[in-house]
Amino acid sequence: MLSEDQIGRVIEAYRLQMARYEAAAKFVEQRLRREFRAAALPVLLSSRAKHPEDLREKLRRRAIEGDPRFELEPLLNDVNQVVTDVAGCRVIVYDPRLEMPAALVVQRAFGLDGIPDEVHRKPSGYRATHVLVPLAQADTELSIRGAICEVQVTSIASHVFNEIEHDIRYKTKNVAAGARVHRTLEDLQHASRVLDRVVEWLQDERAREIDRSKKTIDSAETLRFVIERIFERPITGEVEKLFRLLQRSTDPLTAHAIEKLDLLQAAHRGAERGSSRNYRPDDVVEIVLGLLDRFQEEFRAIASSWRGPQTLLKRAIMESEGS
Amino acid sequence: MSIKQLSVDDLVRGLEYFGDRYEALDVMARDTRDVGRALLEQKPGEVRLASGEPAFVFARGGRAYQLRFHPSGIARVTRAKNGAVGVSENPVARSLLGAALAATVLDHALPSAILGFLVGGPLAAGPDAPRRVFTMSYDPQTGEWQAYDGPLANRVREVRLEADAALRSAG
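Order-wise, the sequence lines are chains L and H. Here this note's numbering is used: the first residue of the first sequence is 1, the next is one more, and so on. Here this note's numbering is used: the first residue of the second sequence is 1, the next is one more, and so on.
Just chain H, same shape as in the assembly:
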């Protein structure tokens, strides 16, 4: 069976794994360029720079999505807010995407597998309530996401925590 490279459709499928229940999908890979490549391979005009945010916008199935990168090796996919449309020309977005990817580090401590961390809303009232989350892995053989219950779950949480504050403040 051939190895399937992560595509933009896969990112969307990961975020929509439980429908609208989760707000964001944090994708972790040893080399974040694996995730960025999915965007770079889009047709001209399909990837645009988000308005007022260091994020890239693309559309799938009539919905707009945003993708942001954090240098620690995390890529976050979210649904774009209403009216969030890309403003830059595709070549500009592409060069900025290239720069964002170049700024990420190749973290050999991360697994070679592509792991995903779905982030949902608070599970209770109050500012410090825990949030709903779900850990997944991307199977390059089948091109499907599945629940991840392996030994790297702790490491995923640690890495993600570093990036979370920065990605949240970025919107």
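Next comes chain L alone, as it looks inside the complex:
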């Protein structure tokens, strides 16, 4: 078990490395800001390096729990390998159904395969999906290469509960929480679930309104709304680019027009084409691959004008000749 003196040594060593973790967390936040804009997924983003005093508290708790990973040697060698959230980034979605799609955006932004599997639904009421991002890529600066950043994705309602519950549980200020505080915390947990549901209903009702109206779809976020209503689930991929492709090639671009284009059928066709080319599943790529029967030359002309790094979507369009 770590002694108070040993914890002090770890904290002193950490203080010297804190700038590295601040830079790593900021790097992840900035990359995610771009990716979420491209996905037309509205989120709130923040990042931080763990405060040394918070780390001290965590080490004390783990020492008391007897966690075998929390030994002096590995903590002094590389604290980040043991405490994976010293660099942290938080992604807050409004609609709780977007927690998993947002976590997928995080995974893909950093080239991580698979589906996020660290989905927390703890007895304490804590709800979030965690993604560990190792900054091992060659395009990261040398000063942060090798760092790990923990990205926590949660809904705004859950965020309120998670934070307050965490502070009461772990930042005791030497005063244990009483029965009334515990009951009120239960009320807060209930209220946050109710808020989650209300946000879902509101988003659904708004989507229905847009469906019924003949108003032009004038943003990528509205397009996401409309497509998710048709697909009856959140969608993945570069919705912002899909919006640009459709807006440049379809007039008027309304919910009604989207129905006429039969994106669901297009996505089925596109999924077959995508899997034959070994593309990873991506709703936007599949929709676009399915629409190429109609818009191949147009989409190629538009995509060829896109600057920046080549994404899967651009690759799918540019490789589409003769599909």
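Honestly, the hints are just simulated from the structure, not real lab data. Source: prediction; values computed, not measured. One or more hints might be untrue.
Unchecked claim - Just the calculated beta-carbon pair ranges, DEER-fashion:
#	chain 1	residue 1	chain 2	residue 2	range
1	H	Arg155	L	Arg169	49 to 55 Å
2	L	Phe231	H	Pro151	45 to 51 Å
3	H	Ser7	L	Glu221	37 to 43 Å
4	L	Glu221	H	Gly150	16 to 22 Å
5	L	Glu141	H	Arg155	37 to 43 Å
6	L	Gln107	H	Phe18	34 to 40 Å
7	L	Asp218	H	Pro71	24 to 30 Å
8	H	Arg60	L	Lys214	37 to 43 Å
9	H	Pro71	L	Asp262	37 to 43 Å
From the three backbone atoms N, C-alpha and C, an ideal C-beta is built for every residue, glycine too.
Fit chain H to the known structure of chain L by using the hints.
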């Protein structure tokens, strides 16, 4: 590299960018006279007034084309229907063209670049089906049209919408 002024050949090349797939090219410029100048610079007899329409007819590559102007600053190029030949003498057409251009407004909200909006047929059955369109820009350096995916695309659609009904009803 010198700046190339938009020519009648450029208008035709814009409309034919995807072959016959699109029916019309709406050209937008801050000063529509930039587009009209292309017609005015044609040789005598090359520009004629369309029969029964407020449009100008010219020929390129064995095909006849029509050009109409809308005061909002839109010029629409289409393929002339079979048998649509100009009827007026060139001087008359020229003076009417001059008048049409004079009626257009200099819209400073429009980009200084020349933008094009190709308009094609419906993408599905039914009266309210969306139409196939494509946004382009004219590069005065190279004299070529290219896909336009810039921030003015929304503005182009708004301006074009104002003129669309009038230009459609004119044929």
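Hints versus structure:
1. Arg155/H / Arg169/L: 49 to 55 Å: Roughly 53 Å apart at Cβ, these two residues keep to the hinted range, so it holds.
2. Phe231/L / Pro151/H: 45 to 51 Å: The hint (45 to 51 Å, Cβ to Cβ) is violated, given that Phe231/L and Pro151/H are roughly 29 Å apart.
3. Ser7/H / Glu221/L: 37 to 43 Å: The hinted range 37 to 43 Å holds for Ser7/H and Glu221/L, with Cβ atoms some 41 Å apart.
4. Glu221/L / Gly150/H: 16 to 22 Å: holds (20 Å)
5. Glu141/L / Arg155/H: 37 to 43 Å: At 39 Å between Cβs, range holds.
6. Gln107/L / Phe18/H: 34 to 40 Å: Because 38 Å falls inside the window, the suggested range holds.
7. Asp218/L / Pro71/H: 24 to 30 Å: With a Cβ separation near 26 Å, Asp218/L and Pro71/H satisfy 24 to 30 Å, so the hint holds.
8. Arg60/H / Lys214/L: 37 to 43 Å: Cβ of Arg60/H to Cβ of Lys214/L: about 38 Å, so the range 37 to 43 Å holds.
9. Pro71/H / Asp262/L: 37 to 43 Å: holds (39 Å)
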